[in-house]
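Peer 1: Turn these sequences into a full structure, and let the hints guide you.
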Amino acid sequence: DQQVKQNSPSLSVQEGRISILNCDYTNSMFDYFLWYKKYPAEGPTFLISISSIKDKNEDGRFTVFLNKSAKHLSLHIVPSQPGDSAVYFCAASSGGSQGNLIFGKGTKLSVKP
Amino acid sequence: DTAVSQTPKYLVTQMGNDKSIKCEQNLGHDTMYWYKQDSKKFLKIMFSYNNKELIINETVPNRFSPKSPDKAHLNLHINSLELGDSAVYFCASKRQGGSYEQYFGPGTRLTVT
Chain A
14 DQQVKQNSPS LSVQEGRISI LNCDYTNSMF DYFLWYKKYP AEGPTFLISI
64 SSIKDKNEDG RFTVFLNKSA KHLSLHIVPS QPGDSAVYFC AASSGGSQGN
114 LIFGKGTKLS VKP
Chain B
14 DTAVSQTPKY LVTQMGNDKS IKCEQNLGHD TMYWYKQDSK KFLKIMFSYN
64 NKELIINETV PNRFSPKSPD KAHLNLHINS LELGDSAVYF CASKRQGGSY
114 EQYFGPGTRL TVT
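Quick mapping for you: the protein sequence lines, in order, are chains A and B. Residue numbers for the first sequence follow our numbering, beginning at 14 and rising by one. Residue numbers for the second sequence follow our numbering, beginning at 14 and rising by one.
Quick caveat, the hints were computed from the structure, so don't treat them as lab data. Here a beta-carbon is modelled for each residue, glycine too, at the ideal position from N, C-alpha and C. Mixed in with the good hints, there may be bad ones.
What the hints assert, rightly or not - Computed cross-link-like contacts, DSS-like style, restricted to lysine-lysine with a CA-CA straight-line distance of at most 30 Å:
#, chain 1, residue 1, chain 2, residue 2
1, B, LYS84, A, LYS125
2, B, LYS22, B, LYS53
3, A, LYS125, B, LYS80
4, A, LYS84, B, LYS57
As the list claims (entries may be wrong) - Residues from chain A that keep clear of chain B, each with C-beta distances beyond 12 Å, as calculated:
#, residue
5, PHE59
6, LEU60
7, SER64
8, GLY108
9, LYS125
10, PRO126
Peer 2: Spelled out as structure tokens, the structure:
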């Protein structure tokens with residue numbers, strides 16, 4: 014049973030526009046959420062995170078929004094650039110001694126020039 | 014000066030063989046992980062390990078075993094390889110306590126024929 018769901022396998026956006034990637038979770042014990050970006054033949058790289066005590070975190074062109082009541086988070090990229098084309102993974106953690114992450118299946122973002 | 018490195022990047026082998034994948038991190042992190050990304054693109058935790066505790070995902074066959082010669086290394090040994098073991102394996106590391114961000118290696122694509 015998937016605890017972290019990314020229901021859109023792909024998203025295509027025009028350069029300069031906003032990209033919105035969505036993620037839903039089922040486990041109310043999750044208290045920290047992360048977004049990773051992955052290029053082909055490379056490992057995932059950390060992008061941005063948010064604690065469950067916040068509803069928004071911003072870093073440059075990237076903003077993550079968290080709606081705890083809906084168990085939903087989203088990543089906004091503004092403005093989108095062709096170099097943002099990659100697979101984006103949502104991940105969640107409930108803490109614990111080793112901070113294991115549960116990943117979604119990923120959304121492939123294509124930003125067209 | 015790669016933070017998390019894995020060798021080899023590609024591994025092709027026959028069913029029944031025993032193989033190892035090496036992982037090294039130079040970040041001074043205390044906790045290391047192995048993930049498997051299968052054909053459906055799910056990233057699933059296999060093991061998490063620090064100098065005090067090994068946590069094994071209960072779904073991982075006991076043919077898989079992590080070996081840590083020191084804090085900077087966590088190698089993955091696989092005995093009696095099966096076709097279903099074909100996947101991309103990622104190593105990751107994290108600083109103990111504090112943040113949840115994990116840093117990933119570039120992955121090892123294992124193909125069992």
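Peer 1: Check each numbered hint against the structure and report the violated ones by number, ascending.
Peer 2: 1, 3, 5, 6, 7, 8
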